[in-house]
Amino acid sequence: MEWRDKVDPQVKPFLDALVKEVLMHKEAYSSAENPGGAQIWVALGVLAKQVNDLNARIAVLERAVKEASKNPATKDTETGKKKKENEEDPAKLLSKVLKRI
Numbered sequence: 001m002e003w004r005d006k007v008d009p010q011v012k013p014f015l016d017a018l019v020k021e022v023l024m025h026k027e028a029y030s031s032a033e034n035p036g037g038a039q040i041w042v043a044l045g046v047l048a049k050q051v052n053d054l055n056a057r058i059a060v061l062e063r064a065v066k067e068a069s070k071n072p073a074t075k076d077t078e079t080g081k082k083k084k085e086n087e088e089d090p091a092k093l094l095s096k097v098l099k100r101i
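Letter 21 of the sequence shown, counting from 1, is numbered 21 in this note's numbering, and no numbers are missing.
Take the hints with a grain of salt, since some may be wrong.
The following label-pair restraints were derived from C-beta to C-beta distances [stated by the list, open to error]:
1) L15 <-> N55: 39 to 45 Å
2) P9 <-> N34: 27 to 33 Å
3) K70 <-> V7: 42 to 48 Å
4) R63 <-> L15: 29 to 35 Å
5) W41 <-> E62: 28 to 34 Å
6) F14 <-> W41: 15 to 21 Å
7) K12 <-> G45: 17 to 23 Å
8) E67 <-> A38: 24 to 30 Å
9) K70 <-> M1: 54 to 60 Å
10) G36 <-> K92: 27 to 33 Å
11) A38 <-> L15: 15 to 21 Å
12) R63 <-> G37: 36 to 42 Å
13) G45 <-> L98: 27 to 33 Å
Derived pair list, reagent style EDC-like, types lysine to aspartate or glutamate, alpha-carbon separation capped at 16 Å [unchecked claim]:
14) K92 <-> D53
15) K6 <-> E21
16) K49 <-> E21
17) K96 <-> E67
Think of the hints as simulated: they come from the structure by calculation, not from any bench.
Heads up, the beta-carbon is just placed ideally off N, CA and C, and yes, glycines get one too.
Construct the complete structure from the given sequences, taking the supplied hints into account.
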């Protein structure tokens with residue numbers, strides 16, 4: 001039985017995905033003096049990139065929410081009636097946010 005088979009079932013899919021992504025860099029870490037250590041560093045780099053990408057996406061979402069809160073819609077798009085203060089059209093807000101990502 002491999003050690004990966006003993007990993008918590010909730011963690012295993014994430015570990016398997018990380019191992020798969022790290023394997024794409026096998027030529028690089030295999031040529032290192034310490035391939036096991038280099039493989040760990042590659043995994044760390046992959047995770048750091050994922051965190052960085054998520055932080056960038058969060059920043060875009062935060063800017064969109066701030067902008068939407070500064071410029072609330074004044075009329076309901078379906079009824080044409082005046083909206084209450086701070087009431088926003090969620091569909092439009094989501095569409096706007098997704099276009100920026």
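Now the hints, each set against the structure:
{"no.": "1", "hint": "L15 <-> N55: 39 to 45 Å", "in the structure": "violated (22 Å)"}
{"no.": "2", "hint": "P9 <-> N34: 27 to 33 Å", "in the structure": "holds (31 Å)"}
{"no.": "3", "hint": "K70 <-> V7: 42 to 48 Å", "in the structure": "holds (46 Å)"}
{"no.": "4", "hint": "R63 <-> L15: 29 to 35 Å", "in the structure": "holds (33 Å)"}
{"no.": "5", "hint": "W41 <-> E62: 28 to 34 Å", "in the structure": "holds (31 Å)"}
{"no.": "6", "hint": "F14 <-> W41: 15 to 21 Å", "in the structure": "holds (19 Å)"}
{"no.": "7", "hint": "K12 <-> G45: 17 to 23 Å", "in the structure": "holds (22 Å)"}
{"no.": "8", "hint": "E67 <-> A38: 24 to 30 Å", "in the structure": "violated (44 Å)"}
{"no.": "9", "hint": "K70 <-> M1: 54 to 60 Å", "in the structure": "holds (57 Å)"}
{"no.": "10", "hint": "G36 <-> K92: 27 to 33 Å", "in the structure": "violated (51 Å)"}
{"no.": "11", "hint": "A38 <-> L15: 15 to 21 Å", "in the structure": "holds (18 Å)"}
{"no.": "12", "hint": "R63 <-> G37: 36 to 42 Å", "in the structure": "holds (39 Å)"}
{"no.": "13", "hint": "G45 <-> L98: 27 to 33 Å", "in the structure": "holds (29 Å)"}
{"no.": "14", "hint": "K92 <-> D53", "in the structure": "violated (24 Å)"}
{"no.": "15", "hint": "K6 <-> E21", "in the structure": "violated (20 Å)"}
{"no.": "16", "hint": "K49 <-> E21", "in the structure": "holds (12 Å)"}
{"no.": "17", "hint": "K96 <-> E67", "in the structure": "holds (10 Å)"}
The earlier numbered hints that this structure contradicts are 1, 8, 10, 14 and 15.
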